[in-house]
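**Student:** Chain A is fixed; fit chain B onto it per the hints.
Number of protein chains: 2
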Amino acid sequence: MQVGVLGVATTKFGELWGVSPRQLVRQVVTEALAQSRLELKDIEALYVGNMLSGILGGQENLGALFASELRLTCPAFKIEGACASGGLAFYNASLAVRSGVFKNALVVGVEKMTDHKPEEAAMGLMGAGSDSERQAGATFPALYALMARVHMQKYGTSEEEMAAVAVKNHYHASLNGKAHFLNQITLEQVLKSPQIADPLKLLDCSPISDGAAAAVISSGLPKSIKPIWIKGAGVATDSLGLDRRADLTSLNSAIAAAKTAYREAGITPKDIDIAEVHDCFTIAEIMALEDLGFYEKGKAGKAVLKGETTLGKGKLTVNTSGGLKACGHPVGATGVKQVAEIVTQLRGEAGKKQVTGAKIGLAHNVGGTGAVAVVHIFSS
Amino acid sequence: MQVGVLGVATTKFGELWGVSPRQLVRQVVTEALAQSRLELKDIEALYVGNMLSGILGGQENLGALFASELRLTCPAFKIEGACASGGLAFYNASLAVRSGVFKNALVVGVEKMTDHKPEEAAMGLMGAGSDSERQAGATFPALYALMARVHMQKYGTSEEEMAAVAVKNHYHASLNGKAHFLNQITLEQVLKSPQIADPLKLLDCSPISDGAAAAVISSGLPKSIKPIWIKGAGVATDSLGLDRRADLTSLNSAIAAAKTAYREAGITPKDIDIAEVHDCFTIAEIMALEDLGFYEKGKAGKAVLKGETTLGKGKLTVNTSGGLKACGHPVGATGVKQVAEIVTQLRGEAGKKQVTGAKIGLAHNVGGTGAVAVVHIFSS
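Going down the list, the protein sequences come from chains A and B. Quick note, in UniProt numbering, the first sequence goes up one by one and the last residue is 380. Quick note, in UniProt numbering, the second sequence goes up one by one and the last residue is 380.
Next comes chain A alone, as it looks inside the complex:
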């Protein structure tokens, strides 16, 4: 069965103190439906991606909550898989459409994080980690710092290479009016920013953000809309904590998820024009570029530093939205925003950040330190 995306939307990402999750969701749903030329009554299933509403706000049952808010009475589900919640919600919605049970499914990713104290948000996020990591007092910057250090030792990856990821993603975000950060930064600024968890500095880390994104998936594709096709998808898991990983410089879950997605799509990494990858920390983008098969191990950082993945420079452009680093990382929204960015690019509607002639795009969303990863491949 051919399944495509009809419409997508994202809110502005950032510190949205004056806006409730319900308002964020209503905004993206209205926009995504309009783009799909559908109405709420056409929606047959709702999939919500969210991680922290329960831990930080005591509110669960978000499938029913947002269905209720939208005055839908159709099946509604919340899918949670840490920072991959949005991508996993999209994945399950697309399976549901592929099953033939629903024609049109609505995916919403949403997170409200900045209403809480940063230390509360950090502890909430550690809900994605393992008991032993929490008990050791580790937070995600510390865990990714471990991975960065091993990557540096094994492949000679430098702090400049990591910093170049942040510089590129801030540049892309400066072209994206909806990004959390609209300012460009320099290598020097990244390298001189405060240490968070050596070798990661403040500007190597994605922010805590608020935001929402939506996508409409359909098997009943109207002639009046040019759908973007879901060509391949893969999900894979790995140990929850780092302690059981044989290698800290790759995410096995991402490698396996990508393999499944490439096989389903019948393509290779060389065919990809644009990718949104999960750059929760700059080292994560470097690992992603390698795990997804775009670069050999140890080569991705150098390529980013050379500008190969910057808009308008090379064959493959990465994180035109600004990525998690600069577009922002409202956890449950991130995976759906990645899809929204790819779909918008493949339609040629990405404005100042448009990648000329982009035909095939990939979205890569990771939960925890790689305990779960989901990869989708789209084509126009």
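Careful: at least some of the hints might be erroneous.
[To be verified] Heads up, simulated BS3-like pairs for lysine-lysine below, C-alpha to C-alpha not over 30 Å straight-line:
#, chain 1, residue 1, chain 2, residue 2
1, B, 41, A, 259
2, A, 270, A, 359
3, B, 259, A, 103
4, A, 302, A, 313
Everything labelled a hint here was simulated from the structure, so no lab data went into it. This structure is a prediction, so every number in the text was calculated from the model and none was measured.
**Tutor:** Okay, now just chain B, sitting in the frame of chain A:
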């Protein structure tokens, strides 16, 4: 595509202070796989139903967590929909198999509640309710008491009729070695038990329990096993809180979910031999029997009091497991346990609680006060 259940398992339900969620999951997975004559390597997707691990314990990402624990690297998801989490996980796993992407999916429902203070568990559960209900200090007994009071006023339903639900379910649980409560109770004991939220008394309420359940869903059905077929399924949603309901004596979500499931199965309520219904409070079982089409409005309580739904008495036997009331209600496990009970009955393997000649069974799982409901119909 024909999709069936190959194997099921439940742990003992109750206060399992000495056992971790991981141990509970390992136990049911081992049992359900053995019954399915499959090994872990045959499992292609894992669906976990859980509500409270984040709110009460700070642990999210349970799909990856349990995949990691079981040394699986396949796709893994957590589905949350309050007290319907287990049923919704089962529903999504079966959609995933119907999509043709996976042949064998494993569903696990699990909840650990008694390690926490009862007031913490009660507040956690209110994560299924609406803002206004939480702000009003309402808990679920209070909300179901409202529904009970209206049902009494509108249909003359009596406290004796409600108590009869508890008496029946404790009788059934006394035949189920895995139930939380193994003791039989009398109408008088229920009626004289302490008031919780008038007209509901202590013995009208389901307990807070620990437990897990598992089921293996497959489209590749070996000849050596008699599968139980998934004949129909439906999910529907309604307003999160009671404030927007036109009628407090029915759950529209349950009515709509049942309608979809009956249509898909091509049967009517009269065809059902056994049902596991969501009796979080005794009034909920009475409403369920009416919403599912087994009895006209106002007639179900009288039928239960007459013993029509008791094992060995009438055409339809309800909650042979003991239901939420007496088998126990480890939230995320409940919907999967219902499936396990129906499958075991339809195989004729339910021991002392076996319903003779049961051919078609129904499972009815509700989240919140009916914000979401899921109905499955099975046949041998």
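**Student:** It remains to establish, for every hint, whether it holds in the given structure.
**Tutor:** Each hint, compared with the structure:
no., hint, in the structure
1, 41(B) with 259(A), "holds, 18 Å"
2, 270(A) with 359(A), "holds, 12 Å"
3, 259(B) with 103(A), "holds, 19 Å"
4, 302(A) with 313(A), "holds, 14 Å"
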